[in-house]
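Asks: Listed below, chain by chain, are the residues.
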Amino acid sequence: MTAQANMQMNDAPVVNNGVNVDALMGAREALGSAPEAAQFTWRAMCEWENGTHSRSTMNGFFGLGAEQQREKSFSIDADHPTVFAAEDNAPTPVEIVLSGLASCLTAGVAAVAQHRGIQLHRVVARLEGDMDIQGILGMDDEVRNGFDAIRVSFEIDADATPEEIQALVAQSQKRSAVFDIITNPTNVTVTAG
Amino acid sequence: MPYVTTVIIGAGPAGLAMSKCLADRSIDHVVLERGEVGNSWATERWDSLRLLTPNWQSRLPGYRYQGDDPNGYMKAKEAAHYLRNYAIHLNAPIQNGTTVTAVRPARSGVGYEVATDRGLWTCHNVIMASGACNIASRPKCADDISGVVRCITPKDYRRPDDLEDGKVLVVGASATGVQLAQEIQRSGRDVIISVGDHIRLPRHYRGRDIKEWMDRTGVLGSFYTEVDDLKRARSLPSLQLIGSHAQDFLDLNTLQDQGVRVVGRLAGFREGKAMFSGSLANFCVSADLKMNRFLDSIDDWIEEKGETQAAPAARRFAPTRVDERPALQIDLDAYGIKTVLFATGYRPDYSWLKVPVLDRKGRLIHDGGVTPAPGLYAMGLSFMRRRKSTLIDGVGDDAHDIADHLTMQLGQKAA
Chain E
246 MTAQANMQMN DAPVVNNGVN VDALMGAREA LGSAPEAAQF TWRAMCEWEN GTHSRSTMNG
306 FFGLGAEQQR EKSFSIDADH PTVFAAEDNA PTPVEIVLSG LASCLTAGVA AVAQHRGIQL
366 HRVVARLEGD MDIQGILGMD DEVRNGFDAI RVSFEIDADA TPEEIQALVA QSQKRSAVFD
426 IITNPTNVTV TAG
Chain C
2 MPYVTTVIIG AGPAGLAMSK CLADRSIDHV VLERGEVGNS WATERWDSLR LLTPNWQSRL
62 PGYRYQGDDP NGYMKAKEAA HYLRNYAIHL NAPIQNGTTV TAVRPARSGV GYEVATDRGL
122 WTCHNVIMAS GACNIASRPK CADDISGVVR CITPKDYRRP DDLEDGKVLV VGASATGVQL
182 AQEIQRSGRD VIISVGDHIR LPRHYRGRDI KEWMDRTGVL GSFYTEVDDL KRARSLPSLQ
242 LIGSHAQDFL DLNTLQDQGV RVVGRLAGFR EGKAMFSGSL ANFCVSADLK MNRFLDSIDD
302 WIEEKGETQA APAARRFAPT RVDERPALQI DLDAYGIKTV LFATGYRPDY SWLKVPVLDR
362 KGRLIHDGGV TPAPGLYAMG LSFMRRRKST LIDGVGDDAH DIADHLTMQL GQKAA
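Protein sequences, first through last, are from chains E and C.
Using my numbering, you'd call the opening residue of the first sequence number 246 and step up by one each time.
Using my numbering, you'd call the opening residue of the second sequence number 2 and step up by one each time.
Just chain E, same shape as in the assembly (with noise of 0.2 Å):
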């Protein structure tokens, strides 16, 4: 169906973030029959190159019952700045969680107002983490190596009303990923050989 027939039939806008809900709800529906295929691993590699300069990089994991593979790698360099006494390759793994954060919140925004039939023009979000640097520093076990605080402010520019923009990001929280992981304990086990 073309957009302007798909527009005359619902006789609303066809709004388009970019974002194929129907695929998405598609995928929920076919998961709810086949549960085992929603079970997801992902993966990472980092490879050290010098000093606190790291590069890691993504390709393969593991989804819908089989190995993916895409057709091409992604890397993410991460250093320290210079008044951590670091060459300032790259930004810190702490700015990169921040960006994690982000980038799920910005994509859930976009998928919920999809989903929601709001066209948006235009979407900023910009974060603030508080860290007291004692921690990592090892100077005061009372204080903790991770954020004490995450700021997330929204900009929003989109054809509806406040409440429904900020229905949008509060329902995009309920559904992130990295925001579960940043606001809920995980367990990690780390070996080395």
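Bear in mind the hints are in silico, worked out from the structure with no lab data behind them.
Where hints are given, some of them may not hold.
[To be verified] Simulated crosslink set (DSS-like; lysine-lysine; CA at most 30 Å straight-line):
no., chain 1, residue 1, chain 2, residue 2
1, C, K362, C, K156
2, C, K156, C, K274
3, C, K355, C, K156
4, C, K291, E, K419
5, C, K76, C, K156
6, C, K339, C, K168
7, C, K141, C, K232
8, C, K362, C, K291
9, C, K156, C, K141
10, C, K232, E, K419
11, C, K274, E, K419
12, C, K291, C, K232
13, E, K419, C, K141
14, C, K362, E, K419
15, C, K78, C, K168
[Said to hold, decoys possible] Residues from chain E shown here face chain C by an in silico Cβ test under 7 Å; the list is partial:
no., residue
16, Q411
17, A412
18, A415
19, Q418
20, T428
21, N429
22, P430
[Unchecked claim] Sample of chain E residues with no beta-carbon within 12 Å of chain C, all distances over it, derived:
no., residue
23, F285
24, C291
25, G296
26, T302
27, N304
28, G305
29, I321
30, A331
31, D333
32, A335
33, Q359
34, V369
Glycine included, C-beta positions come from ideal geometry on N, C-alpha and C.
Please build the complex by placing chain C on the supplied structure of chain E, with the hints as guidance.
Replies: The following block gives chain C in isolation, referenced to the frame of chain E:
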């Protein structure tokens, strides 16, 4: 062994309404009840519990509240009494003190065998009206609690003074959680309430009970085939309400005013500590947004019906207050928590059901109460056919529908 066309399991509102609808269609049946009519209400709820719906909203097929306080809220035991009077009024064929131990397909291949502690029945149809609240659910992580803390559920709880002195962690902020948090806090035991997804609403709005608005605007009557996400609609938490006109809100703000400490969703227990999610702010914002959306829909309805002049003015309420830094973990022992109360919902018990109609998570597979097994029906489940399916006021319409379906199937068999 005795044969009856239809066995109804459970003499609560759903079972009684069903009995009335079958009697009206001249279908012979028996209602098997493990205790007495309204057993769960009479014996398995806490002392102070009252219905969340006003008395007038207890309409059953051929029966309604006729007392002198239509806007009041029945206590649980009064609700059981109300149902007993309904059963007498119907002269329903109830066999009390009969616990069903198994329901399985009949060996003949047609109909069912219903095994009880007082003998075996064979029948053509079974209607499972034993309720949606047989087992108190606890999160998996409850098994990880260590130390001397006592874990209870609302099914074990009767009154605050049965609890040990000391602080109480209430997990869950739906109707049960907020009601118990309030009365336990008032008993002098400091309460911490752990909050996930919840629904905030005022008891009254624009001069009427919120349940009356839900009824008038058609929300309660909405049909299961009309909702966008039925799975979600069926698993929505109960409203943060109490059956009382004395307070308009029993929300997190009210509880905080009374000294209750609010923390995020329970994430787990580790090394004697309870850990809470950092998602509290979002759940509170979501609840406020949803409340306002619902109030908007009432305002729109009033406007549409031209009742604006008659109703008090529209208003909005202060947002939920959330600490800037809610606690992410609490050491149970060091903080003095003696009791953890899991107000984390109920689920039906199907341990006696030997018919393959449960999904991988043990939930009944059904289409508006009609299971894939011919002649096997459910009643009284959350949003079974309508949003009001679990309310006393809602089982009547469902019972009519199920009785019609059942009658038609019997007719086809006979033909």
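Asks: Please go over all the hints and tell whether each is borne out by the structure.
Replies: Going through the hints against the structure:
Taking the CA atoms of K362/C and K156/C, the gap is about 22 Å. The hint holds against a cut of 30 Å. Simply put, K156/C and K274/C have alpha-carbon atoms about 25 Å apart, close enough for the 30 Å limit, and the pair holds. Distance check on the hinted pair: K355/C and K156/C sit about 26 Å apart at the alpha-carbon level, within 30 Å; holds. As the CA atoms of K291/C and K419/E are separated by approximately 14 Å, the hinted pair is consistent with the 30 Å bound.
Our distance criterion of 30 Å between C-alpha atoms is met by K76/C and K156/C, whose separation comes to about 16 Å. Of the pairs offered as hints, the one joining K339/C and K168/C holds, with about 6 Å between alpha carbons and a cut-off of 30 Å not exceeded. Between the alpha carbons of K141/C and K232/C the distance comes to roughly 21 Å, so the proposed pair stays at or under 30 Å and holds. The straight-line distance between the Cα atoms of K362/C and K291/C is roughly 29 Å, inside the 30 Å bound, and the hint therefore holds.
Taken as a hint, the K156/C and K141/C pair is honoured in the structure, with Cα atoms around 18 Å apart against an allowance of 30 Å. Pair hint K232/C plus K419/E holds up; C-alpha atoms about 16 Å apart against a cutoff of 30 Å. For the given pair, K274/C sits about 25 Å from K419/E by alpha-carbon distance, which is consistent with the 30 Å threshold. Proposed proximity of K291/C and K232/C is supported: the alpha carbons are some 18 Å apart, at most 30 Å.
For the proposed pair K419/E and K141/C, the alpha carbon gap of about 20 Å is at most 30 Å, so the pair holds. A threshold of 30 Å between alpha carbons decides the hint, and for K362/C with K419/E the separation of about 22 Å falls inside it, so the pair holds. A hinted pair counts as satisfied when its Cα atoms are at most 30 Å apart, and K78/C with K168/C qualifies at roughly 29 Å. Residue-level restraint check for Q411/E holds (minimum Cβ-Cβ distance to chain C is 6 Å; threshold 7 Å).
For A412/E, the interface hint holds, since its Cβ comes within 7 Å of a Cβ in chain C; the closest pair sits about 5 Å apart. For A415/E, the shortest C-beta to C-beta distance to chain C is roughly 4 Å, which falls under 7 Å, so the interface hint holds. Annotation: Q418/E was flagged as interfacial toward chain C, and the flag holds, the nearest CB pair being 4 Å apart, inside 7 Å. A least Cβ separation of about 4 Å between T428/E and chain C falls short of the 7 Å threshold, and the interface hint therefore holds.
Below 7 Å, beta-carbon pairs count as interface contacts, and N429/E has one with chain C at about 5 Å; its hint therefore holds. Evaluation of the P430/E hint against chain C yields a held restraint, the C-beta minimum of about 5 Å falling below 7 Å. With a least beta-carbon separation of about 19 Å from chain C, F285/E lies farther than 12 Å from that chain, consistent with its non-interface assignment. Annotated as non-interface, C291/E keeps its C-beta farther than 12 Å from every C-beta of chain C; the closest such distance is 26 Å.
Even its closest Cβ contact with chain C, about 32 Å, leaves G296/E beyond 12 Å, as expected for a residue assigned away from the interface. The claim that T302/E is not at the interface with chain C holds, since no C-beta of that chain comes within 12 Å of its own (minimum 30 Å). For N304/E, the non-interface assignment is confirmed: its Cβ lies about 31 Å from the closest Cβ of chain C, beyond the 12 Å cut-off. In this structure G305/E is separated from chain C by more than 12 Å, as the shortest Cβ-Cβ distance comes to about 29 Å.
Annotated as non-interface, I321/E keeps its C-beta farther than 12 Å from every C-beta of chain C; the closest such distance is 25 Å. No Cβ of chain C approaches the Cβ of A331/E within 12 Å, the least distance being about 29 Å, so the stated non-interface status holds. At roughly 30 Å from the closest C-beta of chain C, the C-beta of D333/E stays outside 12 Å, upholding its exclusion from the interface. Every CB of chain C lies more than 12 Å from the CB of A335/E, the least distance being 27 Å, so the non-interface label holds.
Non-interface status of Q359/E relative to chain C is upheld: no Cβ of that chain comes within 12 Å, the nearest being about 14 Å off. Consistency note on V369/E: stated as away from chain C, and its beta-carbon is indeed over 12 Å from all of that chain's, at 19 Å minimum.
Comparing the model with each earlier hint shows no violations; every hint is respected.
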